[in-house]
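**Student:** Which chain is which? The protein sequence lines are A and B, in order.
First residue of the first sequence: 13, per the working numbering; consecutive thereafter.
First residue of the second sequence: 3, per the working numbering; consecutive thereafter.
Each statement offered as a hint is correct.
Computed Cβ-Cβ distance ranges for the label pairs, DEER-style:
(1) 26(B) x 117(A): 25 to 35 Å
(2) 107(A) x 84(B): 19 to 29 Å
(3) 129(A) x 85(B): 17 to 27 Å
(4) 133(B) x 41(A): 42 to 52 Å
None of these hints come from the bench; they were simulated from the model.
This one's a predicted model, so the numbers in the text were calculated from it and none came from an experiment.
For glycine and all other residues, C-beta sits at the position ideal for the given N, C-alpha and C.
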Amino acid sequence: MSIGARVFIICLGIFIFGFVFELVRRKSFREDLSILWFVVAFFIVIGAFADFLINPLAKLLGIGYPPIMILVLLFVLLILALLYFSVVISDLKSRLKELTQKTAFLEHELRSLRKVNAAQPQPPLQGD
Amino acid sequence: MQRCLDARILVVLPAYNEENNIGGVIDKIRTHNVVNDILVVDDGSTDETELVATNKGVEVIKHTINLGYGGALQTGFRFALEKGYDYVVTLDSDGQHDPQYICNLFDAMQETTANVVIGCRIIDQNYRMGFARRIGSFIFSFITMLYTGKRFTDPTSGFQLIDKKAFKYLSKGDNYPLDYPDANIIILLHKNSFTVVETPVRMYERRSGKSMHSGLKPVIYVLRMLLSIAMVILRRD
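Let the sequences and hints guide you as you build the complete structure.
**Tutor:** Okay, structure coming up:
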């Protein structure tokens, strides 16, 4: 890999790290969910020296063209990221159900109380 | 019938965009005079379901968003638990179920001491089950029999009587699925030592609107239900 390519990949990794960091700082991105993207940025920076790892790994797995190995690793990373976010969505769905049911109950209670209040005679205002 | 009226039974009607059917179903329940209390759980309808039900003078709880059939039923279970009911009857809001059979379910529960009684369809010419639903019913019936040792002719039926012990359990957390309470629930209840039986009831074709069992949905439904059943069996409580 040329020096230029390595510098570009390192800059890309640092940019993603900085971008995610800024999003977290502005509270546009939750800290717990951002961890995954810091890890991704870290691996991109490491990726600048991937050929030292990729070449022997590709040889070990019998992949004739080593750069394909990068695509394979990226694919695995993406699948893991998707799985992680599916778990997060699933958890959010459960919480949304709880909230919706609680809100519905509270709304029902409020309506019942209003009905009771409306049925009761109103006390005279002070000074009447 | 009096025994049925004396018991603290709540009829739960989960409804999603059923403005054309819900009024008729409420009227029919009242005509038969078998239960006193009715709760409509409006599952985020975009039509006038809530207004129609409110004008009929029944209790109405409205979800701000659509949770799904199971989510609406669980809201009903939670309501029943909070208000101290002893039994819950679940009926579809599309007019398929005949409320005069509520007492049959109640009698079956008293005779068998079961926790849940499922109303299965009386086989006659008045009701024609769709092809997809027939296939689904057959598959789920077979799996349920393998696990529970009992034959359920209609595990997909939403016409059920559930006692307090069972609906208390189902009202907790994720014990009840949001979308597909079906054969998976029979298996879940059996696994947790609840007794489930079925008794014949009359059912009709839905009056108007689109059934959840129409279009391509049945195929997806069968796949998801199979997954759900597998998970219920494999999970450790």
